[in-house]
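Based on the provided sequences and hints, a complete structural model is requested.
In terms of this note's numbering, the sequence shown is residues 5 to 209.
A portion of the hints provided could be inaccurate.
What the hints assert, rightly or not - Straight-line Cα separation of at most 25 Å, SDA-like style, residue types lysine to any residue; simulated pairs:
| # | residue 1 | residue 2 |
| --- | --- | --- |
| 1 | Lys203 | Phe172 |
| 2 | Lys203 | Glu160 |
| 3 | Lys59 | Ser85 |
| 4 | Lys59 | Arg100 |
| 5 | Lys155 | Trp177 |
| 6 | Lys203 | Thr55 |
| 7 | Lys203 | Arg144 |
| 8 | Lys192 | Arg136 |
What the hints assert, rightly or not - Using C-beta positions, here's what the derived DEER-type ranges look like:
| # | residue 1 | residue 2 | range |
| --- | --- | --- | --- |
| 9 | Val39 | Phe172 | 36 to 44 Å |
| 10 | Trp177 | Glu67 | 35 to 43 Å |
| 11 | Val39 | Pro198 | 41 to 49 Å |
Rather than coming from a laboratory, the hints here were simulated on the basis of the structure.
Every value quoted in this text rests on a predicted model; they were computed, and no experiment measured them.
Beta carbons: idealized from backbone N, C-alpha and C, even for Gly.
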Amino acid sequence: MKRSLSWHRGLLMLPVILVLCLVIFQAFTLLRAEVGRYQTELFLDHWQQETAASKSFVVEPAELNIAIQSVDGAIRQMPESPALYVLQARVLERGRLSGIDIENNAELEAWQKAIVLRPAWPYSWSDYARARSQYSLIDRSFTAALLRASKLGPWEPRVLEHSALFSFHYRGWLSDGLQATLDNSYQKLVKAYPHRARKIARQYQ
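Encoded structure:
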């Protein structure tokens, strides 16, 4: 009788044990992802500080590889995190700007994944458009990304700055509709952030 009761108690405890194991596994997965994210952000912050101190600063290939491994490891733990794909895109961008060869389209693919996972976030759309422009891809995807960013974040500072910059830089190359949208963003930037607007305008005078 006692053995029977013990066996039944064991069966009743089994779901609790399974849930506890699942919670521990998820916590460990989150911890490893957070470590990778933190390491990647440390590299990005360091590179930004070095760039502010010297415009000739370039990222060392060894540092870039460590940062890529960190963010890739974090993504393996949390593949549905849009913020991690944004970090991945920024790391790859720094590598490209430093003249380090990276996998073709890897940077753009990272932005695309960030957009798919968080489609209502205007910054990712705007940054994706900027990335496409740096690859000289002034195409339908570039246009769609800018229009989407303007619709989702019509008064967001970075969205306005990117749009204002493109309104000057690609004038004469864009459709009338997109040019009008970008010009409207520049006027918003003039009203909300006049100093930033003047800084952009001076680049094209």
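Each hint tested on the structure:
With a C-alpha separation of about 12 Å, the suggested pair Lys203 and Phe172 falls inside the 25 Å cut-off, and the hint holds. At roughly 17 Å between alpha-carbon atoms, Lys203 and Glu160 fall within 25 Å of each other, so this suggested pair holds. Straight-line distance between C-alpha atoms of Lys59 and Ser85 comes to about 32 Å, which puts the hinted pair past the 25 Å bound. As the CA atoms of Lys59 and Arg100 are separated by approximately 15 Å, the hinted pair is consistent with the 25 Å bound.
At roughly 21 Å between alpha-carbon atoms, Lys155 and Trp177 fall within 25 Å of each other, so this suggested pair holds. The suggested pairing of Lys203 with Thr55 holds, with an alpha-carbon distance near 19 Å, which does not exceed 25 Å. With a C-alpha separation of about 28 Å, the suggested pair Lys203 and Arg144 falls outside the 25 Å cut-off, and the hint is violated. Annotation: proposed proximity of Lys192 to Arg136 holds, straight-line Cα distance about 24 Å (limit 25 Å).
For the hinted restraint 36 to 44 Å between Val39 and Phe172, the CB-CB distance of approximately 42 Å keeps it satisfied. Checked against the given bound of 35 to 43 Å, the beta carbons of Trp177 and Glu67, roughly 36 Å apart, stay inside it. Taking the beta carbon of each, Val39 and Pro198 are about 42 Å apart, inside 41 to 49 Å as hinted.
Violated hints, listed in ascending order, are 3, 7; each of the other numbered hints is respected by the structure.
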